[in-house]
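Trainee: Sequences listed follow chains A and B, in order. Count the first sequence with numbering that gives the first Met the number 0 and you get residues 0 to 404, in order. Count the second sequence with numbering that gives the first Met the number 0 and you get residues 0 to 380, in order.
The set of hints was computed from the structure by calculation and includes no laboratory data. Any given hint could be a false lead.
Which residues of chain A face chain B? A partial, calculated answer using Cβ under 10 Å [unchecked claim]: (1) K44; (2) S357; (3) W372.
The calculated lysine-lysine pairs, modelled on DSSO-like cross-linking and capped at a C-alpha distance of 27 Å, are [claimed, not checked]: (4) B/K369 to B/K4; (5) A/K21 to B/K112; (6) A/K176 to A/K44; (7) A/K176 to B/K112; (8) B/K369 to B/K112; (9) B/K210 to B/K369; (10) A/K21 to B/K4.
Label-pair ranges, simulated between beta-carbon atoms [said to hold, decoys possible]: (11) A/V261 to B/S257: 50 to 58 Å; (12) B/L155 to A/L350: 39 to 47 Å; (13) A/A227 to B/N374: 22 to 30 Å; (14) B/L358 to A/L373: 41 to 49 Å; (15) B/L233 to A/C375: 51 to 59 Å.
Where a beta carbon is used, it is the ideal one built from N, C-alpha and C, also for glycine.
Below are the chains, spelled out letter by letter.
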Amino acid sequence: MNVWQRFWQAWQVEIANIFADKAVLLVIVGGLLFYAVLYPLPYHKNVPGEQAVAVVDHDHTHLARQLIRMADAAPQIRVAAQPSSMAEAEALLASDDVHGLLIIPSGFERDVYLGRPTSLSFAGDASYFLIYGNVVEGLLTAATTLSVQTQLVGSLMKGENPAQIPGQIMPMRIITKPAFNPTSGYINYIVPAVFVLILHQTLLIAAGSVTIKDRARRRLGQTAPSLALALPLRLFTFMLIYLLFAMLYFGFFFQLYGVPHVAAPNELLAFSVLFFMSATLFAIWLGYLLPRPEFPTVLVLISSLPIVFTAGFAWPAESLPKWLDTLTLLIPVKPGIQGFLAINQMGAPLLSIGREISILVGLCVVYGGWLWWLACHQRTSNSARRMAIETKTIRSENNNRRKRR
Amino acid sequence: MEPNKLTGCRALRSQPWLFALVGWLPPLMTLLFIAVFELGTPQSLPVGVVDLDHTSESRALQRYLDASPALDMRHPYPSAREGSEAFQRAEVLALLIIPQHFGRDLRMSLSPKAVAFYNSQYLLAGKFISSALTQSSMNFAAEAGVVLRLGQGYALPQAVAAAAPVRPQITSLYNSGMSYARFLVTTITPALWQIVIVVATLLTLCWRLEKAPLPDTFSARSYALWQLLMPISLLLWFQGLLMLGLYSYFLGWSPEDSIVWLAVGMALMVLAVQSMATLILSAVANKIRALSLCAAYLAPAFAFMGITFPRGDMNMLARVWGNLMPSTHYIELQVAVADHGAPLATLLPPLLILLLFLLPFPLAIHALPKQLTINPAEQVS
Numbered sequence: 000m001n002v003w004q005r006f007w008q009a010w011q012v013e014i015a016n017i018f019a020d021k022a023v024l025l026v027i028v029g030g031l032l033f034y035a036v037l038y039p040l041p042y043h044k045n046v047p048g049e050q051a052v053a054v055v056d057h058d059h060t061h062l063a064r065q066l067i068r069m070a071d072a073a074p075q076i077r078v079a080a081q082p083s084s085m086a087e088a089e090a091l092l093a094s095d096d097v098h099g100l101l102i103i104p105s106g107f108e109r110d111v112y113l114g115r116p117t118s119l120s121f122a123g124d125a126s127y128f129l130i131y132g133n134v135v136e137g138l139l140t141a142a143t144t145l146s147v148q149t150q151l152v153g154s155l156m157k158g159e160n161p162a163q164i165p166g167q168i169m170p171m172r173i174i175t176k177p178a179f180n181p182t183s184g185y186i187n188y189i190v191p192a193v194f195v196l197i198l199h200q201t202l203l204i205a206a207g208s209v210t211i212k213d214r215a216r217r218r219l220g221q222t223a224p225s226l227a228l229a230l231p232l233r234l235f236t237f238m239l240i241y242l243l244f245a246m247l248y249f250g251f252f253f254q255l256y257g258v259p260h261v262a263a264p265n266e267l268l269a270f271s272v273l274f275f276m277s278a279t280l281f282a283i284w285l286g287y288l289l290p291r292p293e294f295p296t297v298l299v300l301i302s303s304l305p306i307v308f309t310a311g312f313a314w315p316a317e318s319l320p321k322w323l324d325t326l327t328l329l330i331p332v333k334p335g336i337q338g339f340l341a342i343n344q345m346g347a348p349l350l351s352i353g354r355e356i357s358i359l360v361g362l363c364v365v366y367g368g369w370l371w372w373l374a375c376h377q378r379t380s381n382s383a384r385r386m387a388i389e390t391k392t393i394r395s396e397n398n399n400r401r402k403r404r
Numbered sequence: 000m001e002p003n004k005l006t007g008c009r010a011l012r013s014q015p016w017l018f019a020l021v022g023w024l025p026p027l028m029t030l031l032f033i034a035v036f037e038l039g040t041p042q043s044l045p046v047g048v049v050d051l052d053h054t055s056e057s058r059a060l061q062r063y064l065d066a067s068p069a070l071d072m073r074h075p076y077p078s079a080r081e082g083s084e085a086f087q088r089a090e091v092l093a094l095l096i097i098p099q100h101f102g103r104d105l106r107m108s109l110s111p112k113a114v115a116f117y118n119s120q121y122l123l124a125g126k127f128i129s130s131a132l133t134q135s136s137m138n139f140a141a142e143a144g145v146v147l148r149l150g151q152g153y154a155l156p157q158a159v160a161a162a163a164p165v166r167p168q169i170t171s172l173y174n175s176g177m178s179y180a181r182f183l184v185t186t187i188t189p190a191l192w193q194i195v196i197v198v199a200t201l202l203t204l205c206w207r208l209e210k211a212p213l214p215d216t217f218s219a220r221s222y223a224l225w226q227l228l229m230p231i232s233l234l235l236w237f238q239g240l241l242m243l244g245l246y247s248y249f250l251g252w253s254p255e256d257s258i259v260w261l262a263v264g265m266a267l268m269v270l271a272v273q274s275m276a277t278l279i280l281s282a283v284a285n286k287i288r289a290l291s292l293c294a295a296y297l298a299p300a301f302a303f304m305g306i307t308f309p310r311g312d313m314n315m316l317a318r319v320w321g322n323l324m325p326s327t328h329y330i331e332l333q334v335a336v337a338d339h340g341a342p343l344a345t346l347l348p349p350l351l352i353l354l355l356f357l358l359p360f361p362l363a364i365h366a367l368p369k370q371l372t373i374n375p376a377e378q379v380s
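Isolated chain A, as found in the complex:
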């Protein structure tokens, strides 16, 4: 058998290990398609809509009513109830009918027109942060608009120099603008990062369990291509399969969900190759540590939520404890997510993300090298065991022969 035939045969074995295993196919094909539909499902509306707030009006004046109308007009909130007392308002909050509260004190209009400082009380339900943020933003917008209007009227009535008025009302301001995700939509926030996570986690399950089953067969003494050939071919096959799925995810599904993506195709491909190489090596390495084919799935299930909150997109990596931030970089998905977001969503050139690239290369070396060592180690112990079994059978056969005599 020449080299090419051996190579081709070994590859066929690897392909059969993947495609003849229903459990693995279920994860790769079924899982990847199902998750691509399921994960974005809660966020189809993209931005949370108007949240219900209650207004307790102790003032009952024209200005108070104007403020209520302004609050209702703010895009983030709608005035759903005007309870007459605080007790009533609290009951509405407790039963989840409203998520925010605006309290207008008595004497509000008088104080504003007399130029006395007055305060407006807002409250938001901080059990739900996104709702809270919207309620506060909406109420602040209404209050600021009202404040600017009354200041403007007051200044004009006092006969001040109109050229001075803009600076008096608003001496300076910082205008904040969202970049990379211009609508601040949730789909654009969650989907690009979680898709990388889904690819990584299903790869861990598939390549991990394929490796465990392969090890089990080798231990039973079934013939298989040499590891020096099988492992590189397994790496290559999984990288190829996942590059195809990456095209589906980063191409078709991003387009479907309207996720902005800006990386040049060759740069995206280059980074994907590096990412899937380190992730597959990590998966096969796990396959050499874990004894049973269901364990990669268990590990993935337990680790997914911790990864989401330590990968830097859901919670800033700068706010993680230093040791945790460093430790989690050992999982390829974290530098992977940060790199993909930088090149594909934020438009950074590939060469500028040297940090992520060097971490992934380092992980390839670590897991690849470790794997090499594990494979060599187990091969020698396996052949020793096989030799022991063989000598035992030979001995017992000899004994039988002796008995027969």
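The hints should help you fit chain B onto chain A, whose structure is shown.
Mentor: Okay, now just chain B, sitting in the frame of chain A:
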């Protein structure tokens, strides 16, 4: 081995990984998330500054913003080009550009504007920076306004009053420090607990079915499963209670209503998830495929709970899928009991829905495969 000796305690003793899963992993995970959010709120987020003005006013603004605990303004860039490159690499999460003549315009009462771009790809950090910038700059503007008015001949009290006539006072209800630790740890860890329940139940059932066949009659089966699952269920329930204890010790969490309601809810949650795990195993009769199905079913539970993105703004399909998960109802109960101190009428619906999950339990017990076989070519024992 004798089938009636195959109890949950035996499973725990003979399977160290099962013991890990229901013994020390859940509190470890809770502690991990407490560590992740140890700061409570994001702090010292890096903001790049391109100062094109270089006046005392522009530097005063930067110092003022830097004093905000949320912001770290010590990332100067000489030009917008260099600043935006760092911004794209996510080295800084926002980029503030102070225009030329900022100081002069401020002195001349021309209301200058500075633009800050924030990274809304990292939405939580971006929004946090945006509101910190807005709030701090409003305070800076109010002070600058007082100085301006003093220069125009106002007396100090009038100048202060005129600079900020309507002052908003913002109260965050049910979570007074606005701590993300409280908000997220108390909702993420129940989702993780649910995953531990489903995995532990499934692996225990498979262990039992691999060791010996189940009896045929329904009553004998139920008794065998009771012996098997009862210790596991109790341990998992205890893990739930321990989780609440850790919240209260580390996060200062204390429920408004009686904790008894949560203890009842947690017991129902354990049974509900176990019922679903049994149902899934009886449907596919294969360990690995059952685990994959559980992964598909419960792995995204956190997203469907409505804690980060409100359930009221999800579409019909997402709400239905969320309703199929016990965790959604448990969290509804937890928020009502712990945060809102809601009346009994609000607590009953989630409790009753958790009970509904137990309906398919008898059917699942009846339909469980009699036995599962281990394929020696699949595991390295």
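Trainee: Each hint: holds or not?
Mentor: Structure-based check of all given hints:
Look at A/K44: its Cβ gets to within about 5 Å of chain B, closer than 10 Å, so that hint holds up. Among the interface hints, the one on A/S357 is violated; its C-beta lies about 14 Å from the nearest C-beta in chain B, farther than the 10 Å criterion. A distance limit of 10 Å between C-beta atoms decides the matter here; for A/W372 the minimum to chain B is near 17 Å, and the interface restraint is violated. For the hint pairing B/K369 with B/K4, the CA-to-CA distance comes to about 17 Å; that is within 27 Å, so the pair holds.
For a cut-off of 27 Å, the pair hint linking A/K21 to B/K112 is broken: about 61 Å separates their Cα positions. Between A/K176 and A/K44 the alpha-carbon distance is near 21 Å, which keeps this suggested pair within the 27 Å criterion. Using a Cα cut-off of 27 Å, the hinted pair A/K176 and B/K112 holds, with the two alpha carbons roughly 13 Å apart. With a C-alpha separation of about 74 Å, the suggested pairing of B/K369 with B/K112 is violated against the 27 Å cut-off.
Distance check on the hinted pair: B/K210 and B/K369 sit about 11 Å apart at the alpha-carbon level, within 27 Å; holds. As the CA atoms of A/K21 and B/K4 are separated by approximately 34 Å, the hinted pair breaks the 27 Å bound. Roughly 54 Å separates the CB atoms of A/V261 and B/S257, a value that falls within the hinted 50 to 58 Å. Distance hint check: the CB atoms of B/L155 and A/L350 are about 56 Å apart, inconsistent with the given range 39 to 47 Å.
At roughly 27 Å, the beta-carbon separation of A/A227 and B/N374 lies within the given 22 to 30 Å, and the hint holds. As the Cβ distance of B/L358 to A/L373 is approximately 48 Å, the hint placing it in 41 to 49 Å holds. As the Cβ distance of B/L233 to A/C375 is approximately 46 Å, the hint placing it in 51 to 59 Å is violated.
When held up to the earlier numbered hints, the structure conflicts with 2, 3, 5, 8, 10, 12 and 15 and fits the remainder.
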